[in-house]
Every structure is written in C-alpha cells, then in structure tokens.
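Protein sequences appear in the order of chains E and Y.
By the numbering used here, the letter at position 85 of the first sequence is numbered 85, and the numbering carries on one by one without gaps.
By the numbering used here, the letter at position 155 of the second sequence is numbered 1155, and the numbering carries on one by one without gaps.
Hints were generated in silico from the structure; no laboratory data involved.
All C-beta atoms, glycine included, are put in the ideal place defined by N, C-alpha and C.
One or more hints might be untrue.
Non-contacting residues of chain Y with respect to chain E, defined by C-beta distances greater than 10 Å in every case (computed) [stated by the list, open to error]:
1) A1088
2) H1164
3) I1168
4) A1274
5) L1277
6) Y1284
7) I1331
8) V1342
9) V1347
10) L1348
Label pairs and their in silico Cβ distance ranges [as the list claims (entries may be wrong)]:
11) N146(E) to L1369(Y): 16 to 24 Å
12) N146(E) to H1164(Y): 47 to 55 Å
13) N90(E) to G1262(Y): 25 to 33 Å
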Amino acid sequence: MTEHRVPLLKVDNLHVQFSTRRGIARVLDGVSFHLDRGETLGIVGESGSGKSVLFLALLGILEGNASITQGSAQFGGFELLRASQSELANLRGRELAMVFQNPRAALNPIRRVGQQIEDILLRHSAVTRSAVRARAIDALRQVQINDPEARYHAYPFELSGGQCQRVMIAMALACRPALLIADEPTTGLDVTTQAAIMALIRDLTKVRQMATILVTHDLGLAGESCDRIAVMHAGHLVEIAPTARLFSAPRHPYTAKLLACTAYGAESIEDLASVPGQLPNLTRADLPPCRFSERCNRQLAACALPLAYQEIGPAHWVACCNPERAEEAA
Amino acid sequence: MKPSLDTHSDMAGTVWAAWRDRLARLIRPLRRLGWLGFLLRRLAGALPSLCGVIVVTFILTRALPGDPAAYFAGPAASQSAVEEVRHALGLDRSLLVQFGLYLQDLAHWDLGRSVSSGQPVASDLLARLPASLELTVTALLLATLTALPLGVLAATRPGSLVDHLCRIVATAGVSLPTFFTGLLLSFIFYYLLGWAPAPTGRLDPTFEPPATLTGFYLIDSLLAGDGELFFACLGQLILPAVTLALFVIAPIARMTRASMLGVLSSDFVRTARASGLSRPRILYVYALRNALLPVLTTLGMVFSFLLGSSILVEKVFAWPGVGSYALEALIASDYAPVQGFVLALAVLYLLLNLLIDIAYGVVDPRVRLEA
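Only chain Y is shown next, with the shape it has when bound in the complex:
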C-alpha cells in the first residue's frame, strides 16, 4: 500500500498510518505462534509508547521553571560564569540538538550526571530503585490481598456489615492524603504505642544490610538465611507499605465488588447454579475469574497512583528510594535525575502494563486468541 502524499496537512497522518500498517502486517504472522506470538505482539505494541515517553520526558524537563545554569554557577557568579556553565551543560544549543544528544546518550544507557551529587544518574537510580520497588510492590500485594476478599465478601452479601465496612474503608482510604496517613500511622504506632521502629529508612543502623542479590532486603535477608534481619527489614517496611496500601485498597475493592455483582447475576452463573455446582466452585472458578478482568485493569491504574504517591511517602519515612532522590533533584533544578526518574517510572509503568496484558491473556482466552 502506497500512502498518498497529496496534501501537506494529512501527510504526517498518512505516513504514521502507513507505518502502523507496516507494523501491524509485520506482527500479524505472530498470531500463529500462540503464547509466544501474543507476548511478542504485546512487546511490539509497547514500543510506540516508549518513544512517546522519551519525547515527553525530554520536553517536560526543559519546560520546568528555573535556570539550572544560574543555580549551579552559584548566587555570586558573574554573567560570563553562568554562560560558561550553560555551555558546559550543553544548554546553549538548540532543543533539537539537545534532544539528539539525549537520544545518543540513552542508546548508551547514559542518563547523564547529577550536577549536585556528581554521580551518573543511571547508577544512582539503579542503586535506589530496589528500595522503591520493594515498597510499592509490597504495598500493591498488601492492598490486593486485602481488597480482593473484601470486594468478594461485599458482593456476595450486599447490604451486610462487610459491605458497609468495605464502603467505609474505601471512602476513608481515598479521602486521606498519603503523607497524612503516613504521619498518623508513625505517630500512633511508633510514638504512642512503640510497636513500630523509628521511621528512618529501610533498616535500623544497628543492622548490616544483607548482601545484594536482588536488592530487595526482604528477599536478600531470606536468601542469606538471616531471620532476625528479615524481621528487622519487615518492621521498617510495614508502616510505609500500609500507608501506600490504604490509599489503593479502595479502588481495587470497589472494582472487585462491582465486577463480582455483575458476574454473579450473569447467565452463565445461573447455568452453573442450575447444574448444581458447589458454591465455592461457582464463586471462585466461575464468577471470580470472570470478575478479575476489570480488576486487573484497575490494578494497572492503581500502580501508577502508587508510584506517584510513593514520592511523598518515601519523604515521610526517609525511605532511600528513587522518589526522594527525584524530589531533591527537582528542588535543585537538576535536570538529569528528574529526567531519568520520570523515564524510569514510565518504563516501569509500561512493563507493568505488559505484565497486566499477559495476566489478561492468562485469564481470558479471548484476549490471547483473538486480539
């Protein structure tokens, strides 16, 4: 197919459409590969999003207020000194050239250097990412494990005590900002009750962190076979994870409830009941699996909430993750770390969506076989 290039106005559109067609034709034969094809198709589908993310992060960071050259030259610097710094940072060149250089660096996994710390951003992020991931993933697991049963219970007993409890938790969780919940929890469980350790990061200074294998302290301490260390890490993790989880239990539980209610009144559940299948089989094998589909979509959305709100929670609990790192860089108008942070989060988010697509394929054969 030859794209028509008659008018300038829709030229970009047709070129884009032609490329999309070409891509679609390229990945269509993958359908025959079954599962592998499904995975490759989803991966290919994530590529355009990745390109978009790279462009947007570049533009966003340039659009931030403040002049980094003036900031790093110091308040007493002369005009020429500022210009010198600007030239050294490459900020005096056109945006297009800057973008080209940025792409070139990205291709070498070079996210630039933090001007304030002097360290390469990539290694800074890599060192801090496990801390953030451990926190958000634990929070997501905690939230899912609480919200799913809560939603199912609320759906099977509408109007009951569990249903009302579900609604109260949902409303409270959404209406309290995370930094407030975090402070409140620290106040109660650390200051008043003394059950939780001081909110001072991933590990009490009296402990030596476990040898780095995965970067997840919980897993590393278990791999090292050190139970005491594991519980020390868990103790530190629990308050911030609960803080984050409380914020996202609401949307998951509500979606589970709504989705279960819909499925429970569907024709095929009536068929299952008319066939005399046992109640657990109807609830979990027939209803819940079908109800999970919209819940999975919600999980993806919720994870982006988590990534966003983890910035503040990391600050409150002095958690040495990428969020607090980016926050400090942002205050210092330090481009490279902010850019790297946004890019890393976007890639994480893309990966998670890929994971959710795969989960969709596992749960729903229509997605896997039709798409």
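Pulled out of the complex, with its shape left as it was, chain E reads as follows:
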C-alpha cells in the first residue's frame, strides 16, 4: 500500500520562463500536480497554454531561451529539475518516454525506422548488436504494424501517418518506460486512425501497467481515456479532478466554458458556446494573479489576490476564489 502513497511523478510549483525579443514570458507559473503508477492523466488546454512546455521542461529538453526558475519535480523519488544533462539523458527514452504530434516530421526522414528503434535500444538497454534487430522487429510487432520484418527497412516517407505514429509509439515503448507522455498523439491523423492509435496506447499502457499522460486540446478525447484530467490556462493549472467529476461538476469557470464548447450534451449547434477573449500575452508586466480573470464573468475583488488552490472535493482542486457552484447531486 505504501507504493500507492508515493506518487510516480510529483511536480511542485514549477515556474518556466522564456526570454523573447518582446520581454520575458512566464509560460509556466506555479504548476503542481502528481501522478500515480499505472494512472492515466489528461492535460487539457488551448494551444499556448504551456502544456507541451511542461513536459519538455520535465525531460530537460527545453530550447536555449527557456529557463526553469523555481519548483521541483520528483520522478520516482529522483529530482528531475536539478539533475545533470547526462542523468536526464539516461532517463529519457528508458523511464520517461514521449510521443509527439505530427509523427511524419517527428521521425528522422533519412533513417530506416527499424534503425531508429535500434538507436534507442542500443542506447538504453543491455542488448547485443546481434539481438537488437529482433528486439526492434518485436517492438514493431507489438504496435500492430503489418509485416514488421519488411517495415523494419522502411523510411518514414514510405509509411502512412498512422503507421508513423505506431513507429513513434514503438520507439517510446521499446525500453518499457514507467511513464509515457503522449503529446497530441492523434493530431494530424484522420479520425479512424485517431481512434486506433488511442486504443493502441490505452491497451499497451494497461498491459504494462504504465502511467500515461495524455496532452491534448480535445477535452472529449481526454474524457475517453483518462482517470483524471488537469486543465491548463495560460501557464496555470486551473483545475484538476477525476474525469467523471470534472465533466459532471466543473468548478473553474474556464473548465465550465471549455465543456460548454465541446459537443457533449449539446442539443444543437446553437448550444455550443465559445470561450470569450483569448489567452493573455504572457510577456505583459501587469498580468493579473488569475490569468483568466479578464475573460471571466465571475470576477470578484478577491481575484486580485495571489492565486490559491483549494481542495473543493475528493481529489478535486481548483485555482479560483469564486468557483462555479456544484450542481451535482451525488
């Protein structure tokens, strides 16, 4: 039981900023969450809300103009944010693996996909050169690629988008990581392929009891496969709750508006709302403590106070001083 008490990943008060030509952008501002072993967490937000940056920061592969100014991130008790590049490189691909969007561009265009899987295997596992090929073909077989022996020799341009994403997943899972981060894994794929890829990720992670983080802008997609969902807005994590609870009783006004945007429960297209306004410019000096306040219709004087999290229900946290009322009966 104690294993359940120590989360696999615990991120605390993470701050990341980019120095840009227009000034310093505080793209992540006090992000905290945790993830248990075997759990699936969805991170949902508009583009630019900082959800990808969050994981690039954890993996230590931010661009040169970005810096982590504060915070901690414990992965299995190991502090990621103060680790050296070589320690992080040892973890990446072996314990923490990532699948990206747009798989065709995310694979090396002039290297055979089998070799790209082998590169990772040879880097991280004690596998001999003679055995590595069988392991790579096996990895391709596990992501249900037809004729893996032949596909081993294929270049990414010879494969379809869906097959490329399967290869990406095979690469990510090749070393049996403890945590898979899937960053918009279905963006750029057609709808039927999207469903197949999501099913593949769900099945493989369940069998291996891996924790998964699904980063997406699609609340519906997150709702289908995640145990819990965290909502991000402009570098803040505004609400985190078990999936059913988030859908039935959203408490942050932004979450409520996002849900109103999705087709869930909407009778007709007229019922679909859109979130008013847009993400604030993060380089602004006069950014309010709650970065949603300018788009919000529930503003109070207290919104000008520093942002605080309150636990509003079981495992349900919200960063709002005037949350929506719970309408939930149960």
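Using the hints provided, position chain Y relative to the given structure of chain E.
Then chain Y, alone, in the frame of chain E:
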C-alpha cells in the same frame, strides 16, 4: 502519344515534349533496378545538358571579337593571304556547315588544332588537365574540411566566438578577389617569411616529375614511394590551393551553419533528444546527415566558382593547367583551344553534378527511391 503538329508556333515545343516523354518512358523501367537504375537515370538526364553545352560553346567562340584569320596571317599579310588562311581554317563556310564539321570532329575526339602551338587541342588539354584538377580538387577538399566543422560549430554555438569567427572568415573570403589573395599569400609566405617555395608551377626544376600514372603529382609521387618528392609537390600546391579554398570556404560554411540550425530545431531532433540519444549521435548521425543535403548542392555550385577562378590563380602561380592555356589562346583569338577548354570544363561540371546527384542518393533515400 502522337504530338499535334497543327500550328507552326508550338511545333518545336511539342516535338521537344514528345521526345522528352519518349525519353522518360524509356528510362522509367530503370526504377526497378534500384541503385543501378538511379545511376542510369541520372546519366540519361545529363545527356540533354551535354548537347546544350556543345551548341553553346560553338556559338560563344564564334561570337568572340577579333578575326583569327587576320591574326594568324600576320600584320603584314595581304587581303588575299588573309582569305587564304580563312579558307584553310574553314572559316569562310556557313556557320551550319562549320557546326556540322565541328560535330564530326567531336565524334572522333578531335577538338581541332591550336593554331599558335600547332598541337592537337585534345592532347594539350589532356596533358594539362591533371594539373588543374589536382589544384581544384585539393582546394575543394581543403575548403570542405575547414568549412564543415566551422559551420557545425557555429550552428551549435550561435552567437559564440566560433560563430563570429565563421562570419569574419566568410566575409573576408568572399570580398577578396582570388588573384589578390594569391599575390598576398605569395608575398607573405614566399617573399617575407620564406616558408613556401617560389610560385613557379607544379614542381621545383631541381626535381624530376614522378612517372605519370594518374597525372596527379601527389598521388604519383606516393605511388612511386618517393616521400621527398611528395613534399616538394605538396609545398608547391599549398599556396594556390589555399588561395582557391579561401574563396569558397565562405559559401560552404554559411550553408552548413544555416542548414544545421534549421535541422537542429526540427521535430525529429527533438524526438532524438527526448529518446535520450547521446549528443554526438544526435549531432552527427541525426542532424548533420540531414543538414548535408543543401550543403551538397552548394558544393556543386562552389566547384564551378573554383573552375572559373582557377584560371587567374593558375596565371598568378604559373601553374601549367588548362586555365592558363585557355587564357593564352583567348588572347591570341585561337578558337579551338578556347572551345575545347570551355567544353572540357562543362563536361567536368556535368560529371561533378552527376557525382553530387549520386551523393544525394547516398545521403537521402527519398531522392534514390522516389525521383
């Protein structure tokens, strides 16, 4: 497919298109042959360029100012003597007939005779070509071996000292004309410091040239096992080669830097980093190989710069290559050597482009398998 020949205006166009179609259909099955097919396809693609080169060199040399007949008849010759020479040279016939004769000669590897030296141009060029090639190829190797690491270093550390150094070398190399760099280098390293031998050709007269196997003195002297001779040849070669190399380091280094920067920020490099691959593996196996593609194109372009500027550099260093040969012929309005020289350079350039196409195929499977 039957080309429509309704109008005269687009007749040439349709005939050309029909031929191109026919050629394309002819070479399409080669795709199944893999590598060999790729090579044959590229070779076939070089043929039209070769025809164009033959026509253009012929026209260009006829368009040169000056009357060769008058020149070779001498300043004191009478009008009838000039006409006699003109007839002897075949210059009194129509351009079309001259072109026909030229093609006929080409088919027999006959590039004509230099009127000033009396020697066949083909053998003159063949004797001098290795000297020029040794110079330009050494310069290209030197430039590439310097520019590639410089460009990679500049790209991996943008804004650093190496980056600025790269920019300075690039600017200086482009803005100094080669004959000036050549004179400057001779002045410093031969006249002031005395480190380099006198700029008087391929080999100091105290040495006997190595037995001709490849025509490249460096290789021939090595094959002969004569170390002393090798270093004597190298000493002579270094200044002109550096002069030429300095001129082309700039475009190669800049292209490498730009291309590396682009590739390093691409998605697949991010994937490689997210997979924990080692930095050298990411830099050289993932990034550099992808970044090399535009650099290869630049190399082809740069080689044509080299061929052009080698003419002046050969003159400055008294290098017995084809460039100085052509320059003398040009001054003497001696058609045949100039024509032969331009043709030889064009063929060299075509061959190099073929080589670069092949290199492209080696580096990029998309080129080899799709094209």
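| task | Hey, is A1088(Y) genuinely clear of chain E, shortest beta carbon separation above 10 Å? | result | holds (59 Å)
| Least C-beta distance from V1342(Y) to chain E larger than 10 Å | holds (37 Å)
| query | V1347(Y): least C-beta distance to chain E exceeds 10 Å? | reply | holds (31 Å)
| request: With 16 to 24 Å as the target window, see if N146(E) and L1369(Y) comply at their CB atoms. | output: Distance hint for N146(E), L1369(Y) holds at roughly 20 Å.
| So is L1277(Y) really clear of chain E, every C-beta pair being over 10 Å apart? | Not fine: 6 Å to the nearest Cβ puts L1277(Y) too close to chain E.
| said: Beyond 10 Å on every Cβ pair: is that true for A1274(Y) relative to chain E? | reply: violated (4 Å)
| message | For I1331(Y), is the shortest CB-to-CB distance to chain E above 10 Å, so the non-interface label stands? | response | holds (49 Å)
| said: Beyond 10 Å on every Cβ pair: is that true for Y1284(Y) relative to chain E? | reply: Given a closest Cβ separation of 12 Å, the condition holds.
| For the pair N146(E) and H1164(Y), does the Cβ-Cβ distance stay inside 47 to 55 Å? | holds (53 Å)
| query | Should the label of L1348(Y) as a non-interface residue stand, given a Cβ cut-off of 10 Å to chain E? | reply | holds (29 Å)
| task | Run the C-beta distances from I1168(Y) to all of chain E and say if the shortest one exceeds 10 Å. | result | holds (23 Å)
| message | A range of 25 to 33 Å was offered for this pair. Does it hold for the Cβ distance of N90(E) and G1262(Y)? | response | holds (28 Å)
The structure shown violates the earlier hints numbered 4, 5.
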